[in-house]
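K.L.:
Now for the letters of each chain:
There are 2 protein chains.
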Amino acid sequence: MEDNDPRRPLLGTRRENRYRRVASKLCSLDSWRRRLPITIWLPNYCVEYLIRDIIAGVTVGLTSIPQGIAYAIVAGVPPQVGLYSSIFPGIVYALFGSCKDVTVGPTAILSALLAKHVARSVDFAYLAAFLSGCCVLLLGVLQLGFLLDFISKPVISGFTTAAALQIAASQLKTLFRISGKSGDTFVSALVNFFTNIATVQLWDTVLGIASIIALIILKKSVIAVADSDSSCRRNTLKTWKYLVQARNAIVVLIAAIIAFVLHLYGRMPFALTGKIEGGLPRFGLPPFSTTVNNETVGFEGMLQEFGPEGLVMPLVAILESIAIAKAFAGSTTVDATQEMIAIGMCNLLASFAQSMPATGSFTRTAINHASGVMTPAGSLVKASIVLLSVTLLTEAFYFIPRATLAGVIVVAMASLIDVQIVRRLWRNSKLQLLVFVVTVVTGASVGLEYGILAGAAVDVLRTLAAAARPHITTQSFKVGNQDCICLTPVGSLSYACAEYIPMMLQRRARGRATTIVLDAKHLNSMDIGVAENLISSILDLEEKNLRFLLWNLPEHIARLLEDIQPGFDTRIVSGPSIDQHILGLDVVRRDPIY
Amino acid sequence: MEDNDPRRPLLGTRRENRYRRVASKLCSLDSWRRRLPITIWLPNYCVEYLIRDIIAGVTVGLTSIPQGIAYAIVAGVPPQVGLYSSIFPGIVYALFGSCKDVTVGPTAILSALLAKHVARSVDFAYLAAFLSGCCVLLLGVLQLGFLLDFISKPVISGFTTAAALQIAASQLKTLFRISGKSGDTFVSALVNFFTNIATVQLWDTVLGIASIIALIILKKSVIAVADSDSSCRRNTLKTWKYLVQARNAIVVLIAAIIAFVLHLYGRMPFALTGKIEGGLPRFGLPPFSTTVNNETVGFEGMLQEFGPEGLVMPLVAILESIAIAKAFAGSTTVDATQEMIAIGMCNLLASFAQSMPATGSFTRTAINHASGVMTPAGSLVKASIVLLSVTLLTEAFYFIPRATLAGVIVVAMASLIDVQIVRRLWRNSKLQLLVFVVTVVTGASVGLEYGILAGAAVDVLRTLAAAARPHITTQSFKVGNQDCICLTPVGSLSYACAEYIPMMLQRRARGRATTIVLDAKHLNSMDIGVAENLISSILDLEEKNLRFLLWNLPEHIARLLEDIQPGFDTRIVSGPSIDQHILGLDVVRRDPIY
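These protein sequences, in sequence, are chains A and B. Each residue of the first sequence is one higher than the one before, starting from 1 at the first, in the UniProt record's numbering. Each residue of the second sequence is one higher than the one before, starting from 1 at the first, in the UniProt record's numbering.
Just so you know, these hints were derived from the structure itself, not from any lab. Incorrect hints may have been included.
Remember, identical chains collapse to one label, so a pair may be satisfied in a single copy or spanning two.
As the list claims (entries may be wrong) - Listed next, the in silico BS3-like pairs over lysine-lysine satisfying Cα-Cα at most 27 Å (straight line):
#: 1; residue 1: Lys430; residue 2: Lys521
#: 2; residue 1: Lys275; residue 2: Lys181
#: 3; residue 1: Lys326; residue 2: Lys219
#: 4; residue 1: Lys478; residue 2: Lys521
#: 5; residue 1: Lys544; residue 2: Lys326
#: 6; residue 1: Lys181; residue 2: Lys430
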């Protein structure tokens, strides 16, 4: 390896240089400014930026309100908490965030992960935000982002798909207003749905389905209008696009108006959001103890409730926000460390203001990007819009039908399900498809956290299996009247192939060849167990009158072999051609040493 | 990979062939005879074999008696159980064993692993033998031996070293006859020793140290005699060698005689083995329930007591016996499957006759080999000798001083501590040394089972870290007036390097080069995440007027790239020389597709 990547784990080469580099980094002003990106973009701020940020901020704000309430319901926290989680993390992100497009707020997946803890006490939501913030911040400060590299694309896609399935299934209860619990997993949510299907309510169902259809039509309409392609409609198209981006707000508004009108006529066929406690949140320390079933649970008890699988929450927060940042960064590189610091700070600070865990949200970031946001100040505008709504509009929120919110969530989830990767993996790698399937099935039946763990475990097994069967090409050829074969291992011979190597040698040695050449020019490393087994099989086979040549062996491997079996280096040769060594074998080589 | 190894995991190529091969194997008589090796060697048995087997069997039997008693004491079971575990597994091994040298019986490490369970009830010893037998047999029948490949040489050495340290430390209590408990780990045994050091007993200490010195002198004497090298002493040397091989029995015998004589004079300064219940064991089903502290514990409770770390016992049984079989097999290959079946049957059947877990023992196998054993029938002779002793000599066993037995164990343990590997790894691979150290430290402080797990975990991390930083060589060259660099990745680009590849590309692209060639002839596979990131960085860099050529890409990878980004294949070239492609770049290539 010839890179000097600072994140390179475990190996200690060039360590001194690295320390020097880190020290000089810590002392430079620039590197500190990079940690507070507002100091970079604010000095260049201008009126044009302001106008575009306001347009984008308002559009995103209009989506943040219904989504905030909806995801609060998914998590099981009071609706205003979902709104608070759009406001305060948004403000913090404007200070620390390095990507102008990223919009921070509650997300469906984080809410789903939180739901089972909140079922015991709402205080778990605030503590989760605090702890997730600490974890993410720590990973950022310690530059441990490389740990995320070990979660593969099929695992991430599988996890997202399982989460989307679970969240959509958990909304069936609200969509059809049936009784019973919604269930912790996709499977249990479906079971509950079909068990209680007899209690379905007509008007909620009609409204829910109508909302879904309306949202889908609005989404597709942009494409339809664009296709019609008459040049006079350019402006109509542009206006329409903005309207469509606020489609969630529009559909929710219309449904609320319908509910309000029916209410005026003294009828109420829908389940409504109900009274929302408006105003500002209670500021203060996040709760380090809580009450569950009239019993006080201390900090330790709360930590135990989260368990080790609670670490999946910060993990998902990072994965979501970095994936989103990369998707919208275009050709500029994403500073993953800074993103982790920003998301960590967002959660940490917002947990002092009754927020639940928040991270980059795909839908809202896409809208932000499409609305032409210029700086993270857009995030401040969005926060103000949501803040206004939570202080002034809570009366109006009363009339939002729950079935419509469920429809908003179901439509949002449909876009998260990754069908393309299944097709692609089916065609190209069944083994990676297995990883995806294991993640989805475990996530949907046992729990999302276990899905990510099971998928990662299969990936580890896959890596080990690959290490156990290294790639070795075989070539037969003739030099003079000698039959030879040349074996070329590629990459590393790690401990996992220690038993395979002698087996492979013995199988290859069964042919007519009298000389076996081991061409090691593409070999990087050899573990001690492999080296010992290799030596003993070579000695065994030499007793059966086979001859061995080790060609182009890297020096550190040659040293290891000589260390294990002094005198072994008589078999080691180098040079561009092997022929002369094979022909001169009897002249050059001393007798083998047993 | 071009092997068709039946043990090759996960990948499903040539599956049909494999099924056919397995089916034909199941139907042939030969493959069934291989599963009962006595049917192979017994028909050719002759008088010469018998004589040599008797000599070897008697010599090994003389060592098995003191070691059996000693290891029974290590495990905390009654002394006769240690002897039974030499007898019945020995008989079964004669039927199923494929290696003439291997001697099956209780071993120090298995006894140490068993001790903490036996502390609750002796019934755990018999159940452990039964369960370990089932596990090992199952692994053998299902041909899952490849799972052991994932335990590396440093882990095995570290585990053995930690076990030797722990067992030796646990004997300090007996050697110095101090009071207090002996402790579950090396660290706790040492702590107990130093806490109670004031209670040391003079005469036991003297006898124990004297036994150790005598054993060491006897062991070294062979070398000394051999060195003197006068040809007339040849015969003396041979006789002496046999005597020395029975040194454990000799030292124990002398110590017992001393104790007996002192007893005749009415003095007893030593702790003795005491009364042994002789005769045959009680035959019957292994105990599926037991009594702990006057409470009945059912089968499930006993399983819970073993816990998942109980699986380390069968694992160690296999590792020990296969390692030993290989060490003494010389140039013949060891049939690992058959060895697992044999060890499994030994434990399974012997658990019906009050045996504790047994496996191949290094010291006794070495003696067996040195005594010139010819067939597994030597094992039957050894079993008869031990059987005779347990029925006729139990009165004599009464006088064996415990301090001498402790001395026997301590000396046996000294040879298990692997110092050489530390020196070798220090010189050649600090990372593998870390694996060794983690295994030893965890094993010696937390528990042996956890040592093996911790070491294996570090190995897995090591494999993942290697997969995250693949080997990529860089070459700069000039074609015409164009600066080019050629990057050659070797082996696999797995999911763990998905973030590293774009970073590496961007770093390499910073130089003067205008054309970057990716030479993929040594690339075997590319995960989907790597492929996606590779494509997006190539597209990004092409926007900055760099040009890319992918040379000699394996077809399945080319297909994957084209699947992700249709039109990407315009960059893919092949052929022996890259120069013409670089020069003809503008002619051959269409515009890049964004």
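K.L.:
State whether the alpha carbon distance between lysine 275 and lysine 181 is at most 27 Å within one copy, between copies, both, or neither.
P.N.:
within (22 Å within a copy, 67 Å between copies)
K.L.:
Measure nothing new, just compare the shortest in-copy and cross-copy C-alpha distances for lysine 478 and lysine 521 to 27 Å and report within, between, both or neither.
P.N.:
Both: 21 Å inside a chain and 24 Å across chains, each within 27 Å.
K.L.:
At most 27 Å between CA atoms: does that hold for lysine 326 and lysine 219 within a copy, between copies, both, or neither?
P.N.:
For lysine 326 and lysine 219, only the intra-copy Cα distance (24 Å) is at most 27 Å; the inter-copy one is 68 Å.
K.L.:
Checking lysine 181 and lysine 430: alpha-carbon separation at most 27 Å within a copy, between copies, both or neither?
P.N.:
neither (37 Å within a copy, 56 Å between copies)
K.L.:
At most 27 Å between alpha carbons: which applies to lysine 544 and lysine 326, within, between, both or neither?
P.N.:
between (59 Å within a copy, 18 Å between copies)
K.L.:
With identical chains treated as interchangeable, where does the CA-CA distance between lysine 430 and lysine 521 reach 27 Å or less: within a copy, between copies, both, or neither?
P.N.:
between (31 Å within a copy, 23 Å between copies)
Of the numbered hints listed earlier, the single one contradicted by the structure is hint 6.
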